[in-house]
Amino acid sequence: MPTIDQLSINLATVREKWDLRQAVEGCARAGISAVAPWRDQVARIGLQESARIIRDHEMRVSGLCRGGMFPAATEAGRRAADDENLKALEEAVTLGAQCLVIVVGGLPEGSRDIGAARGMVEEGLDKLLQAARPAGMPIAIEPLHPMYAADRACVNTLRQALDMAGRLGDGVGVAADVYHIWWDPEVEAQIARAGSEGRLLAYHICDWLVPTKDLLLDRGMMGDGVIDLPRLRGAVEAAGYDGLHEVEIFSANDWWKRDPEEVLRTCIERHAEMT
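Add 566 to a position in the sequence shown, counting from 1, and you land on the number used in our numbering.
For the record, the hints were derived by calculation from the structure and aren't laboratory data.
Since the model is a prediction, treat every value here as computed from it, not as a measurement.
All residues carry an ideal CB built from backbone N, CA and C; glycine is no exception.
All clues given are correct.
In silico EDC-like pairs for lysine to aspartate or glutamate, Cα to Cα no more than 16 Å straight-line:
1) Lys-583 <-> Glu-828
2) Lys-693 <-> Asp-736
3) Lys-583 <-> Asp-606
4) Lys-823 <-> Glu-582
5) Lys-693 <-> Asp-648
Label-pair ranges, simulated between beta-carbon atoms:
6) Asp-571 <-> Ala-804: 12 to 22 Å
7) Pro-700 <-> Gly-764: 17 to 27 Å
8) Arg-610 <-> Pro-751: 35 to 45 Å
9) Asp-571 <-> Arg-797: 15 to 25 Å
10) Lys-583 <-> Gly-662: 17 to 27 Å
11) Gly-806 <-> Gly-681: 24 to 34 Å
12) Ala-594 <-> Ala-755: 30 to 40 Å
13) Glu-835 <-> Gly-681: 38 to 48 Å
Produce the complete structure using the sequences and hints provided.
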């Protein structure tokens with residue numbers, strides 16, 4: 567059975583009520599010892615102050631969200647993305663993150679060429695890895711559900727992400743987010759592959775509601791939807807993953823409106839019971 571020591575809270579889960587300081591303090595009160603901040607949350611408080619807060623509360627950082635968004639219609643746009651990813655890398659290192667999570671980006675404006683977009687992603691990751699490897703910061707490609715292929719992520723399955731990581735070499739792996747991969751008929755085989763290749767860097771959990779009212783902002787609490795979470799946890803454990811289980815819930819009309827203390831209590835309970 568999962569334990570609270572395995573639980574990390576992606577701070578998107580409580581972002582509407584708490585800033586980074588409040589979220590870290592709330593997690594500490596609840597007995598949760600790991601978090602995953604977003605870059606905008608860090609920016610509002612400041613990088614050094616965010617690092618101090620995390621350090622003072624002895625929090626582990628399961629990942630920093632996020633880098634990526636590489637494809638662009640112009641060379642200048644691609645250079646700007648490269649520069650922004652180097653900033654994200656610096657922040658991940660300063661915060662002591664276990665990985666920098668990458669949402670790769672979709673089609674450039676005006677494009678219908680998804681193959682070219684994927685090429686831009688691979689080129690951007692290769693550049694980022696030149697800095698990430700010496701810094702000792704693993705890069706975790708997070709494949710997103712195909713509904714996001716055009717605007718958020720043109721890498722949509724673990725197979726695609728692992729193929730890309732294999733071409734790029736050391737220092738890059740995958741973040742397996744159940745919301746995005748649960749439907750994939752290859753999911754268990756590709757989780758096993760990620761483990762055998764040493765590329766399973768992060769594991770994100772929530773649930774898929776039926777009906778889903780908003781494809782971005784209506785994720786479910788574990789146990790409220792249709793994802794077979796115990797099966798997927800079994801797959802990641804069988805693959806050798808012994809890292810943190812990161813709860814990441816975007817829920818504009820439900821969990822974001824609740825008392826964050828209640829949200830954390832529910833995360834703890836459902837993590838133990840349902841995953």
